[in-house]
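**Q** In this text, residue positions in the sequence shown follow this note's numbering: the first is 9, and each later residue adds one.
I should point out that these hints are in silico values taken from the structure, not numbers from a laboratory.
Quick reminder that beta carbons are idealized off the backbone N, C-alpha and C, glycines included.
One should not assume that every hint holds.
[Unchecked claim] The list that follows gives simulated cross-link-like pairs (lysine to any residue, SDA-like), each with its CA atoms no further than 25 Å apart: (1) Lys-76 x Leu-102; (2) Lys-124 x Glu-53; (3) Lys-112 x Ser-79; (4) Lys-23 x Phe-114; (5) Lys-23 x Glu-103; (6) Lys-124 x Glu-103; (7) Lys-76 x Ser-94; (8) Lys-112 x Glu-50; (9) Lys-124 x Glu-97; (10) Lys-23 x Thr-67; (11) Lys-10 x Pro-85; (12) Lys-120 x Glu-103; (13) Lys-124 x Ser-26; (14) Lys-10 x Val-24; (15) Lys-23 x Lys-120; (16) Lys-18 x Glu-118; (17) Lys-43 x Lys-112; (18) Lys-112 x Ile-84; (19) Lys-112 x Ser-90; (20) Lys-18 x Asp-40; (21) Lys-76 x Glu-103; (22) Lys-112 x Arg-122; (23) Lys-82 x Asn-33; (24) Lys-11 x Leu-111; (25) Lys-82 x Arg-100; (26) Lys-11 x Ser-73.
[To be verified] Simulated DEER-style distance windows between Cβ atoms: (27) Glu-92 x Glu-53: 26 to 34 Å; (28) Lys-124 x Leu-102: 12 to 20 Å; (29) Glu-50 x Thr-95: 18 to 26 Å; (30) Gly-77 x Ala-121: 23 to 31 Å.
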Amino acid sequence: MKKILFVDDKPAIGKVLSVYLGCDNELVYFEDPIKAIEWLNEGNEPALIISDIHMPRMTGDEFLSYLKGNSLFKDIPVVMLSSEESTTERIRLLETGAADYILKPFNPMELKARIKRFL
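The task is simple: from the sequences and hints, build the whole structure.
**A** Structural data, given as structure tokens:
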């Protein structure tokens, strides 16, 4: 069973993902990237990270930059979620190191199919 870290400030999305991804994977959810970083620094290593972009305290962009700049976490694939349909933002995040960019609202089955290749 693979461990997936999911970071989004909207708990309802966490509940939806736990239904669709929790059967085959262990889903660890945080509403705040700072708490997710604390969890990672405790020695936890997920197979995949899914992160929203627009969050208070620390944006998904900053979270992604932190992960890709840290030798312990740089190889973990990160899938970014956003409600912004911006080609510029998508390209920037992919160039920063995101493995994929998925537009909200998303079909949970599509998300599951897309992340399968990273697990």
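**Q** Which of the listed hints are not met by the structure?
**A** 3, 5, 8 and 29
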